[in-house]
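Turn these sequences into a full structure, and let the hints guide you.
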Amino acid sequence: MSTIANTAPSPCRSGPRLLATCAVALVLAGCSLLGSGGPRERATIYSPDVRVQPDPSWPSVPWQLSIASASAARMVDSPRISVRPTASELQVYGGASWSQPSTDLLESTVLRAFEDSGRIHGVARTAAGIRPDYKLVMDIRRFESDYAGNATPSATIEIAAKLLHSRDQRVVDSRTFLEARPAGGTAVPQVVAAFEAALAAISADIVGWTLSSGQADHQAPDDPVSP
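The sequence shown begins at 10 in this note's numbering and counts up one residue at a time.
Bear in mind the hints are in silico, worked out from the structure with no lab data behind them. If you're wondering where the values come from, they're calculated on a predicted model, not measured in any experiment. A couple of the hints might just be wrong.
[Said to hold, decoys possible] No farther apart than 25 Å at their CA atoms in a straight line, the calculated lysine to aspartate or glutamate pairs in the DMTMM-like style are these:
hint: 1; residue 1: K144; residue 2: E124
hint: 2; residue 1: K171; residue 2: E98
hint: 3; residue 1: K144; residue 2: E98
hint: 4; residue 1: K144; residue 2: D226
hint: 5; residue 1: K144; residue 2: D113
hint: 6; residue 1: K171; residue 2: D231
Right, dumping it as structure tokens:
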């Protein structure tokens with residue numbers, strides 16, 4: 010992770026589980042996340058670049074998949090980096106934000122994981138206009154740094170996912186995914202690194218589940234037709 014002022018981001022390094030994962034911090038002068046009033050401060054924008062390593066157990070599939078626009082509550086669907094210091098309190102980190110709302114970060118990571126997996130050739134966002142056999146629908150319930158009574162927080166992501174059959178909108182399968190990765194400390198860069206790990210792990214789980222559930226449905230015999 011590097012912080013760079015008015016220059017291009019430096020390249021990321023590959024890790025053993027993630028092919029490459031980093032947050033490129035672009036320091037923008039004159040931006041403030043604290044609202045009007047008071048001196049304006051430099052804001053750091055974090056842009057996670059998460060790569061998911063394919064699991065050998067994932068099946069290769071012949072069908073096509075569309076990824077619907079992810080949904081989330083307004084507080085969750087925001088570029089602000091949310092932090093939960095107590096169970097009933099939700100705040101944001103001052104002077105820092107994501108480069109995109111959480112829904113866009115999730116969609117981009119999951120789509121890239123499908124594309125990089127080599128297990129499916131027909132995958133795109135719904136707006137791309139492909140003729141999919143299945144559709145993946147995701148709702149983000151949590152995308153926050155949660156202290157949960159600890160001295161340091163965990164990057165916590167919770168996703169409710171449904172896989173639909175495009176022809177009749179039948180729910181093929183549904184599942185809620187939850188990933189919490191402890192941060193190495195309380196500093197924002199450490200929290201961002203934990204988010205990267207959590208986003209990579211939960212995206213891998215979603216991709217593997219989608220491929221397996223869709224392929225099981227695709228190979229299932231058709232229901233017998235009543236005479």
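Do the hints match the structure? See the list:
1. This hinted pair checks out: K144 and E124 have alpha carbons roughly 15 Å apart, not beyond 25 Å.
2. Distance check on the hinted pair: K171 and E98 sit about 29 Å apart at the alpha-carbon level, beyond 25 Å; violated.
3. About 35 Å separates the Cα atoms of K144 and E98, which puts this hinted pair outside 25 Å; it is violated.
4. Of the supplied pair hints, the one linking K144 and D226 holds, its CA atoms being roughly 13 Å apart against a limit of 25 Å.
5. Between K144 and D113 the alpha-carbon distance is near 17 Å, which keeps this suggested pair within the 25 Å criterion.
6. Distance check on the hinted pair: K171 and D231 sit about 21 Å apart at the alpha-carbon level, within 25 Å; holds.
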